[in-house]
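Trainee: Chains as they are written, first to last, in this note's numbering: chain A, 1 to 101; chain B, 1001 to 1169; chain C, 2001 to 2484.
Some hints could be false.
[Claimed, not checked] Partial list, computed: chain A residues near chain B (C-beta under 7 Å):
hint: 1; residue: 20
hint: 2; residue: 25
hint: 3; residue: 41
hint: 4; residue: 45
hint: 5; residue: 68
These are computed hints drawn from the structure, not numbers from a lab. Model, not experiment: these values are computed from the prediction. We treat Cβ as the ideally placed atom computed from N, Cα and C, and that holds for glycine.
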Amino acid sequence: MNVGLEHYLVVSAVLFALGLLGVVTRRNILVIYMSLELMLNAANLALVAFSRFNNNLDGQVMVFFIITVAAAEVAVGLALIVALYRRRQTTHVEDLNLLKH
Amino acid sequence: MENAQAYLFYVFAALAVICAIMVVANPFSRSPVTSAMFLVLTMGCLAGLFTLLHAFFLAAVQILVYAGAVMVLFLFVIMLLDLKEEQRRQVKSLSLVAGLVSVGAILAIFVRSLIATKPGEGALANVEGSTSKLGKLLFTQYLLPFEIVSVLLLVAMVGVVLLSKKDLK
Amino acid sequence: MNVLILKHEITLLLLALGVMLADLWLPPERKRGLGYLASAGVGAILICSLLTSVPESPFAFRQMYVLDGMALFFKRFFLVATILVLLMAVEFSDRIQAGISEYYSLILFASAGMMFAASANDFALLFVALELITVTFYVLVSFQRGRATSLEAGVKYLIIGALSSAFMVFGIAFIFGTSGSFNFGDIAAKLASPEAGLVNNKLFLFGLLFLLVGLGFKIAAVPFQIWAPDVYQGAPTPTTAFLAVGSKAAGMVLLMRVLFVAVPEVTAQWWKLLVVISALTILYGNLCALPQTNIKRLLGYSSISHAGYLLLGIAAATTAGQSAVLYYLSGYLFTVLAAFVVIVLVLRDTGAEEISSLAGLHQRSPLLAAAMTISMVSLAGIPPLAGFFGKLLLIKSALVVGAEHQSFYWLVGIAVVGVVISLAYYLGVVRAIYWGGEAAEKSAVTLSLPATLTVAACLVGILFIGIYPNPLMKAAEAAVLSFK
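Please build the complete structure, drawing on both the sequences and the hints.
Mentor: Next comes the structure, spelled out in C-alpha cells:
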C-alpha cells in the first residue's frame, strides 16, 4: 500500500473537475466563486505533490504566491459582488442581463 | 509508519473529494452557507494532505489564510447579503449536460496522459517544506514576484475601499 | 545583478504611488489635472526607455526577468498606450463619481503589470504579473459604481478572470511537475534534449494545453471569447480601450514567449491547433460584429477578430510572422485608441453608445468625424493606413508557410473573407457619421487642447505607420531577433 505521486495527482484532478462542474452548473455568483477557489486549491495540491516528488521546493514557493494572489482576488471579488448586490439585489447570474444588444 | 501514512492519505483524500462534491452539488441543500462550510472542510483536508507531503509551512498557511481568512470573508458576505430566495431556482439541464461533458472530457484526457506518462516512477521523496528553506527561496530567487505580489495586495486594498465606500462623493 | 535593469517598472510604480498620495493634498477641483501629470511622467519614462538599449546581460533574478529586444519593444508599446489612455481618462473624468486619482493610479499599476509581463521569462513571474493586470482590471472595469452595467461587466470579468487563472495555474503545475522548472530557458533546454523525452510527455502537453486555455481567455480567442463583448460594452470607455490594447498585447507577448522561447518544439507540432483557433476567431468576431448597434460592443467583437489575425502570425511561427504580429499590434494601438477617444469625446453628454448617435458628427466636429473614419478604415484594412500593412505582412508570412503546409492557404482565404465581412460593419459606422440623417444634437463638440492633441497623436500614429512602415518594421524585426 504505497501512496505515490499519481494518487495525489488524481485527487487534484478530481477536485479541479468538481470545481469546474460547479462553475458551469451553479447559478449563484458566490457559489461559483467558491468553486473557483476549489479549482485553485486543486492546482496547489498538484504543485505541492510535484514539489515533494521532484525534490524541488520551487513548487511550494509558487503555491505561496497562488494563495496570496487568491486572497487578494477574493477580497476584490467579494467587494464587487456586494456592490452589485447593493445596486441590483441579486447574486444570480441569470439576472446579469443588462449587457445585450 | 508507512501504512499509517497511506491510511491517512486515503482518509484525507476521500474526505476532500466528498466535501468538494457537497460544495458544488449538494443534494440536500442549495444554500451558499452549506457550500461555504463544506469548502472549509475541503481546505482542512487539503492542509492534511500538505502535511503528508511534508509541506508544513504551507499546511499552516492553508489553514490560516484559506480556512481562516478567505472562507470567513465568504461567510461574512453571505450573512451580510442574507440570501434566501436563491435556493428556489433550479439547475438548468443544458448547463448540467455541458458541465458534465466538459468535466468528463478533462478527466478522460488527464487519465489517459497519466497512464501514458507514469510520472511517479523512480521518484524519491525527501524534500521538506520547512519555513526557513521556503523563506530563503522567497527572499533570494523569488524576490521579484514577491515584491510584485506586495503591489498586487496594495491594488486589492485600494480596490476594495473604492468598491465598498458608502457614499459616491 | 543590476537593480537598474528594473528602472522603468520601479519609476512607474513610484509614479502610481505618487499620484495616489497627491490625492490627499489636492483640492477636489484640481484632481482632474493629475491625469496630465501622470501622463507626462509616463512620457518621461517612455523617453528613458527609448534611450535604453538591450544590456549585455539581459537577465536578472536568475533568468526570471529578461530585458531583451522583445521586452523593450513591448515596454515602449505599453507606455505609449498608457499615455493615451490616461489622457482619455482625463476627458472621461466627469463621468467618474468618486476617486478619479485612484483611477489614474490604477491605470499606472496595470501598466506596471504589463511591463513586468513583457519581461517574464519564468512561470512564477508570468503568473504574478498577469494577476497584477487582472486584479487591477477588476476594479477598473467596475469603476463606475453608480452604473449597473459597469458592475455587471465587472462581475463577469471577475468570474472569467478567475476561471482563466485557475486553468493557467493548473497548467503551470503540470508543466513544472514534468519539466522540473518554472524557467522558460530550463524548460526549453529540457525539451531540446532527446533523452528527457519531454516532447512526447503527455502530462507535459496536458499542462501546456491548460496554460494555453488560460492565455486564450486573456486575448479573447474562440472558444474563450464569451466575456469580451459584455465587458467591453459595460466598462468605462478608457478601461475598455486599455483592455483592448494593453491587456490583449500583454496576453500576446506572454503567448509568444511561451510558444517560441519555452516550448518551440511543441509549437512546431501544434501549428494545426493554432490555425484552427485563428480561423474560428476571425470568423466568429467578424460575423457577430455585423448586427451590432452599440459601438463599444461592436469594437468588442472586432477586437476578437483582431486576436484571430494576430494568431495567424503566431501560427506561422516564422520570424516574419512574429514581426508582423508586433507591427499589427502597434497599428492596432493607435487605431483603436483613436476610435475610443472619439467615443469618449462625442458621447459625453448623451450617455448613449449607439452607432446611430454618431449621426451628423461631421457637422459637429469635422476633426472627430475624420478621426473615426480613418480609424474604421484602418481597422478594416484599407490602404494606405496602419491596419492595411499589418494585415498584408501577416498574410504574406502565412503564404510563405503555405508552401509547406497547405492549410495556411485556407487560413489566408478565411482571413480575406473576414476582411470583406468586416468592411460591412466598419463602413456602416462611417455611413452613420456622414449619411446617418440629422444629428439629434446640433451643438458643436468643444474640444480642449489636450483632447485635440490626443486625437491628433493617434491620427499621426495611424498615418505614419501606414505610409512609412519601414522604421516600425525594422524595430519589429530587431525585437523578434531576441527569440533566436
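Trainee: Which hints, by number, does the structure contradict?
Mentor: none
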